[in-house]
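K.L.:
Got two chains here, separate frames each, mind docking them using the hints?
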Amino acid sequence: MPSPTPAFDSDANLAHLGCSCGKHAIPEAHNVSQEARLDDIIEKSVMKAVFPNDVQRRRFIKTVGASAALAALSSVLPMGVAKSLAQEAMGKPEKTDLKVGFIPITCATPIIMAEPMGFYKKHGLNVEVIKTAGWAVVRDKAINKEYDAAHMLTPMPLALSLGAGSDPIPFRMPAVENINGQAITLANKHKNKRDPKLWKGFKFAVPFDYSMHNFLLRYYVAEHGLDPDKDIQIRVVPPPEMVANLRAGNVDGYLAPDPFNQRAVYDGVGFLHLLTKEIWDGHPCCAFAASQEFIDTMPNTYMALFRSIIDATDFASDKSNRKEISKAVSPKNYLNQPVTVLEQVLTGTYATGLKEQPIAKDPERIDFDPFPYHSMAVWILTQMKRWGYVKGDLDYQKVAEDVYLATQAAEVMKSMGMKPPSTTYKKYMVMGKEFDPATPEAYLNSFAIKR
Amino acid sequence: MEYVKSLIVTLLILAALLGVWAAGTRDGVADTSVDPELAALLGPSAKGESPVPGPEDVGAAVWGHLKDPFYDKGPNDKGIGTQLFFSLVRVLGGFGLAVIVAVPLGFVIGSSPLMQRSLEPFIQILKPVSPLAWMPLALYVIKDAAQSSIFVIWICSVWPLLINTAFGVASVRPEWLNVARCHEVGWLRRSFTVVLPAAAPTILTGMKISIGIAWLVIVAAEMLVGGTGIGYFVWNEWNNLSLTNVIVAIFAIGVVGMVLDQGLAGLTRLVSYEE
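Heads up: the sequence lines are chains A and B, in that order.
Position 29 of the first sequence, counted from 1, bears residue number 29 in this note's numbering, the numbering being contiguous throughout.
Position 166 of the second sequence, counted from 1, bears residue number 617 in this note's numbering, the numbering being contiguous throughout.
These aren't lab readings, by the way, just hints derived from the structure by calculation.
Any given hint might turn out to be false.
To be verified - Interface residues of chain B toward chain A, partial, derived using beta-carbon atoms under 8 Å:
(1) L493
(2) A497
(3) S501
(4) G525
(5) S562
(6) S563
(7) L588
(8) L590
(9) D595
(10) N687
(11) T695
As the list claims (entries may be wrong) - As a list, the in silico DSS-like pairs of lysine-lysine whose alpha-carbon atoms are at most 30 Å apart:
(12) K191(A) / K524(B)
(13) K332(A) / K524(B)
(14) K498(B) / K327(A)
C-beta atoms are modelled at their ideal positions from N, C-alpha and C, and glycine is treated no differently.
Bound-form chain B, shown alone (with noise of 0.2 Å):
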């Protein structure tokens, strides 16, 4: 009951902002006093309507993409489906390598105090700056755009991801170390019979604010660089000023970015334990 409740709320808004979009592209009265070989040279924007779409003009333009989303028309001309897929492939990669070097070293950082003190500062210093801040350092070092986007990816997953693996490492309850420690339990297994089970809630957050904010910064990276991706498809698509494909990509960013979201917020739900 609850669930049927909070579903038509959601609908009832859904519907008032739709409403409001509608109504605020209405497009104005068009001036039919200009000359027809004036008009001819001008867009519709210029002659009155709305420069904003409306919702039925996004719909029509969503269906479009979703009729045909892998198609390619040459390497500046790729379906939507196609873009999304270059951009994941980023992601996961940048971000797969973010957490093959950050959740050892937050093991590392986390079990020794004395790591944790030195490597503050570095990390306290690196972790505010922007991702993109990185671009033009990587694209003059490592000398290629894909392999830059994917290291701008795994430079911004592997902060959140370091500190909550520390995090969730010191955290972990003395009491259970120290049965762990009468059993004379061996270092590595102690790490993952114990400690690792222990963490892994507060490591799979990290994961997923990780994957957040990398999912935020590609489509920026992309847009820099260009190429392929979905940030590139906005790029193009604003090159044209054309904003209802802009809103196209908008939905469909957003619907990935949940999608990211959900699947790791359900295997956060495996890992989690009550004490």
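Extracted from the complex, chain A is given alone in its bound form (with noise of 0.2 Å):
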């Protein structure tokens, strides 16, 4: 016989059996109209904010019809952002099931360890993280829909949205993964030749056109006097083919992402010239992007993944987790490399190759910060400008905001209890000569070698 109550549930939360306001039966019921209040309020609230005299806007309304008015604001306004902004956790995502694109480096490491530490489930998405053999591919699976989102180079969004090597799409990057962390590798018959205006005739390779390791290097030779371009020969090599060019002496060095630095000093190959912190302290590298269309479709979704990388990032920030991390991205189905190396890469305490100082600490060998200063993309669009990858006028500015969503970052960090910077540009030291982001034409004048 059925019992007329249901049974005791000895796991039922007694002080919470309804909803937090105590109207609806069960917090489900709670949340959706909860939901649809929200949408209302700010709705309502820009449609005030836009026509702030309550005659006009009824007058307003009356005319075109309240749908139609809240249509056209959406089309200026990304209101479907805002809603999912105000909601935080309590808009469901509109797709759970996700594929994320990676490239199998340490920049990566917060987007491949929320897959086995558990960050994508925490914010209730099902995420597969996909390894992908090189940037072109991973720009041309993102551009496909093949991924939801990917890990891409920082200047990737901005050259994809400027259609600079491919048509334009809208692409947008709502974080950045890590700060430092690449380095400049030499092979070891070099050991003798430190001095970067010995390089002349030197074959470097970088990952990909739009990186920043492209453009580091570049900088760098130029500061010592050599033309990129004429006095040394960059080529694209993908990371992992790295080592075994440098083993056949097919390149003497590279401006690479680790793991590659160092398992090119582990497999006794070369050894570590200088990090890339030594250049410009604090330079974004990875990032993760996705394109606008993504966004706007898919608000919930995109928020949920946004808030779990910022989550990710933020746990590998922390020094005192990175060996716990390094163990999570170890295996074959990530980043596929001997722990030690990822250790050494991570805990800053690593072998440099060299006779004179073999073993070195930097505990700020590589970081994690998620925001995405508008300053940063400022750099990369002069630099791109400055070795003719984008020619003709430029407004730095506008480009850097539509595609970098600082604004957007420093809102998600705040409801997650973190605290952004207050502001979206700083002044820059690079090798010892400040950029500031107010002057970009100023400053890409002021450089000696440029195209």
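P.N.:
As structure tokens, then:
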């Protein structure tokens, strides 16, 4: 015989049998009505903001109809994102099974570890991270929508949105992954050629044209008086092939992402000439990027993904977690590297491959900081223009603000209890030379070697 | 007796090869003066071990893969058997589509000198193009990595099939066609009962060449786009600079290629005839 009342569930939370406001029998019903109410409030406040005069607003709504007025406003303002920002964790993701592409390098650590360490799950997503062979393939698969979002290099969303190297497709970069963490590795036979002035005729490898690696290497040799297009040769080589090329003598060195710098030392093929933090301390490198289309059509999914990435990046920035992370990302399914190589990169206690100082300690070798400063984008754009990757007039600030979603990142970080910086522009020192994001053209013209 | 002799010679060559391999990859004398703290940070090859694995390392790795060929540890780490299966499906898919297109088209070209002359320039220009050169275009147009690699297999299989079918059809002995004409055999029946059996050995030779090329190309294509397949396996192990597993994959690719080739050679024997 069925019992008249449901059996007592010992796991049920006795304090919250109904919803928090008491009007709904189950919390889900409360959430739904809460969601609708929030949508309503946001829409009304946007309308109010656009038409502060009550009479005018009512007349406008009366003549065109409320929904038409809203639709017109939504086309200008990203209402979907604004709504899901306000809803925080409340908005149900439109789609939970996602594919995120990555390149097997330590820069992608937060994106990768978020799977085995459960950061995607925590935010209600079931994400598969897919290893990809090279940056051009990541770009094409992101454009083809085989990936919902992807690990990219910080200059890539700018290049994609500007249409440099491909058709212009609006891509957005909500978060940076890592800062610093790259290095210049040279073959062992060049141990006595530490002065870049001796590098004339060297062949260098970088992972992609639109990469910080390319721009930093060009900047570094140009500061030492070498023209990167005439005095040295720069080739694009996928990171995994770099160590093999260095061993074979096809390249003299590379400015590359780890673990392939450390791997060259681990295999006795090369030595670390310099960490990129010595060129620009705090430079951005890799990023998390998604298409404008994905952001528009699935605002809740996007926000959940965004929050898991910020969450994971924050966890990775804590140096006491680095050993645990090294173990999580080393298996074949992810980076496929010996744990000790990854530990050396992530903890900053590493073998240099040099006789004078065989072991170096630098806890800041790589760090993780999600905030996408607009000034970073402006610097990258000045270098893209400097070397002829983009031509003609460029509205630096506009492109930077369109592509790097710093304001949104600040909102999300705040809502998660983190402290985002109060400004999205700041000055940098790159090899002792100041960069002011307010005067990009003057900065560009100050270089002797440029195209 | 002849067979036993050749077997003995084969085994002797194998033993010699393994001997040279083992001798060439012997580890150097380990440098014991290295500070233990530093030694913990370095890999075996930085400490004097040979970077190329010896036959015993590869043997152990082969055994490890054979014990569990179909494991699945996430989208980027599957067993070597699963990877070979993915590659085979792609090769057979692309090859099958090539047969469907190339054999009828080859028939038309072979039986009409006009078509042969007018299609010749297209075939001559497109045939020598490396199939991988199509990859960027395919990725851009098809917008799907898996279908793009099938397309690349298709395009590399089509040419040998087309040329061999056309050649086989064109060189059917005119006496046989005349006999068929004398009996007022219709076009369709003549094609299936006279031309096809006569051209079959040449067509199957074309298939054998095609599938050989397809199997060569799939490895390179998968290394390029990644995802799944034996080419991805090689790329992933290269990533980790694990030469042992790369050598294992080389053997696996060789064995599967041989099986495909022998399979089609068997089919060719079934349809060959003596004049």
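K.L.:
Straight-line Cα separation of K332(A) and K524(B) no greater than 30 Å?
P.N.:
holds, 9 Å
K.L.:
Does K498(B) pair with K327(A) here, judged by a C-alpha cut-off of 30 Å?
P.N.:
Within the cut-off at roughly 24 Å; holds.
K.L.:
Should the hint that L493(B) touches chain A count as held when the rule is a Cβ pair under 8 Å?
P.N.:
With a minimum Cβ separation of about 6 Å from chain A (threshold 8 Å), the hint on L493(B) holds.
K.L.:
Minimum Cβ distance from L588(B) to chain A below 8 Å?
P.N.:
violated, 11 Å
K.L.:
Hold the hint about S562(B) up to the distance rule: shortest CB distance to chain A must be less than 8 Å.
P.N.:
violated, 41 Å
K.L.:
Is the shortest C-beta separation between L590(B) and chain A less than 8 Å?
P.N.:
holds, 5 Å
K.L.:
Does the CB of D595(B) sit less than 8 Å away from some CB of chain A?
P.N.:
Holds: closest Cβ of chain A sits about 7 Å from D595(B), inside 8 Å.
K.L.:
Using the nearest Cβ pair, does A497(B) come within less than 8 Å of chain A?
P.N.:
holds, 3 Å
K.L.:
At a threshold of 8 Å, is the proposed contact between S563(B) and chain A supported by beta-carbon distances?
P.N.:
violated, 40 Å
K.L.:
Are T695(B) and chain A close enough, Cβ to Cβ, to be under 8 Å, as the hint says?
P.N.:
Since chain A brings no Cβ nearer than about 13 Å to T695(B), farther than 8 Å, the hint is violated.
K.L.:
Should the interface hint for N687(B) be scored as holding, given a Cβ-Cβ cut-off of 8 Å against chain A?
P.N.:
holds, 6 Å
K.L.:
Could you check if S501(B) really has its C-beta closer than 8 Å to a C-beta on chain A?
P.N.:
violated, 12 Å
The structure fails to meet hints 3, 5, 6, 7, 11, 12 from the earlier list, while all remaining hints are met.
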